[in-house]
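Please work from the sequences and hints to get the whole structure.
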Amino acid sequence: MKKVPTLDIRRYDTDRAAFVAELGAAYREFGFCCISGHGIPRDLIDGAYDAFQQFFALPAETKMKYHVPGSGGARGYTPFKVETAKDSKYADLKEFWHVGREIPRDSRFADVMPPNLWPTEVASFKQYGYGLFEALDQLGTRVLRALALHIDLPENYFEDKTEQGNSILRPIHYPPITEDNIPNVRAGAHEDINFITLLVGASAEGLEVLTREGEWLPITTEGDAIVVNIGDMLQRLTNHVYPSTTHRVVNPQNENARKPRYSVPYFLHPNPDVVLDPVPQCVTAENPSRYDTSISSHEYLLQRLREIKLI
Numbered sequence: 000m001k002k003v004p005t006l007d008i009r010r011y012d013t014d015r016a017a018f019v020a021e022l023g024a025a026y027r028e029f030g031f032c033c034i035s036g037h038g039i040p041r042d043l044i045d046g047a048y049d050a051f052q053q054f055f056a057l058p059a060e061t062k063m064k065y066h067v068p069g070s071g072g073a074r075g076y077t078p079f080k081v082e083t084a085k086d087s088k089y090a091d092l093k094e095f096w097h098v099g100r101e102i103p104r105d106s107r108f109a110d111v112m113p114p115n116l117w118p119t120e121v122a123s124f125k126q127y128g129y130g131l132f133e134a135l136d137q138l139g140t141r142v143l144r145a146l147a148l149h150i151d152l153p154e155n156y157f158e159d160k161t162e163q164g165n166s167i168l169r170p171i172h173y174p175p176i177t178e179d180n181i182p183n184v185r186a187g188a189h190e191d192i193n194f195i196t197l198l199v200g201a202s203a204e205g206l207e208v209l210t211r212e213g214e215w216l217p218i219t220t221e222g223d224a225i226v227v228n229i230g231d232m233l234q235r236l237t238n239h240v241y242p243s244t245t246h247r248v249v250n251p252q253n254e255n256a257r258k259p260r261y262s263v264p265y266f267l268h269p270n271p272d273v274v275l276d277p278v279p280q281c282v283t284a285e286n287p288s289r290y291d292t293s294i295s296s297h298e299y300l301l302q303r304l305r306e307i308k309l310i
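Numbering follows numbering that gives the first Met the number 0, with no gaps: position 195 of the sequence shown is 194.
Only pairs whose alpha carbons sit at most 27 Å apart, straight line, appear in this in silico DSS-like list of lysine-lysine: (1) Lys125 x Lys160; (2) Lys62 x Lys258; (3) Lys62 x Lys125; (4) Lys64 x Lys308; (5) Lys308 x Lys62; (6) Lys125 x Lys64.
Simulated from the structure, these hints should not be mistaken for laboratory data. Treat the numbers as computed from the prediction; the structure is a model and nothing was measured.
Encoded structure:
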């Protein structure tokens with residue numbers, strides 16, 4: 000059976016050509032790869048999960064203090080059954096929080112990147128939440144260097160396009176499933192919107208990826224591995240050389256359905272003004288450009304948030 004590979008990112012420094020080739024091959028095939036050897040401290044990940052679980056355990060009315068209606072959930076809390084996968088009849092079974100990038104309030108992006116909210120009820124939330132945001136941002140930058148080299152772009156091609164990126168850390172709580180035969184799944188089949196997504200703690204079952212052959216392939220990680228997948232913006236920028244693969248979170252078919260599931264994806268976005276035109280290196284006679292109109296990453300984001308009913 001096919002398997003999404005796990006690659007040690009330390010090889011980028013010791014065995015670069017082979018690592019870049021293997022990473023590129025994994026992304027061309029699956030749009031997904033598991034990354035180990037990233038050096039993010041276990042106590043940072045565990046501390047963040049602990050703070051997020053404390054928050055989700057608070058009473059609903061306390062959590063709703065941090066819900067900002069009309070903001071598309073850009074910061075703070077989004078309650079259950081709001082987000083709906085595109086073209087899905089049923090809302091997802093989850094509640095979540097958004098941590099964004101801290102930027103100066105006189106930044107040119109301040110109008111589209113609001114300040115963070117921090118729950119005062121959980122003292123460690125800000126320290127661990129933003130610590131994990133920054134650690135995953137740095138890891139994502141390293142992955143993008145290897146992805147750039149694989150398609151003949153300069154190693155640092157993405158850096159000035161993501162250093163003010165409208166990225167999001169999203170702690171998610173999927174509650175225990177207590178009824179049989181509910182039509183909703185924890186997260187309906189979808190593709191991500193952004194450049195790349197880094198998922199910490201995908202050790203719990205449920206995440207599945209749709210292969211080129213049309214089969215659902217489960218992904219669970221071992222050890223310190225983090226799942227990293229391509230989003231639609233990078234698919235567009237690379238003219239589909241890197242595919243943004245459909246994935247979902249299914250309800251476990253065993254006693255784990257009765258347990259809550261927590262996950263923390265980091266959605267690495269470009270700066271809001273980056274234009275998502277295919278790069279010339281990815282436009283060939285065999286792969287002609289699939290796009291004849293230009294769109295900025297911020298316009299693209301708004302279009303997609305409407306589709307999934309967040310705005």
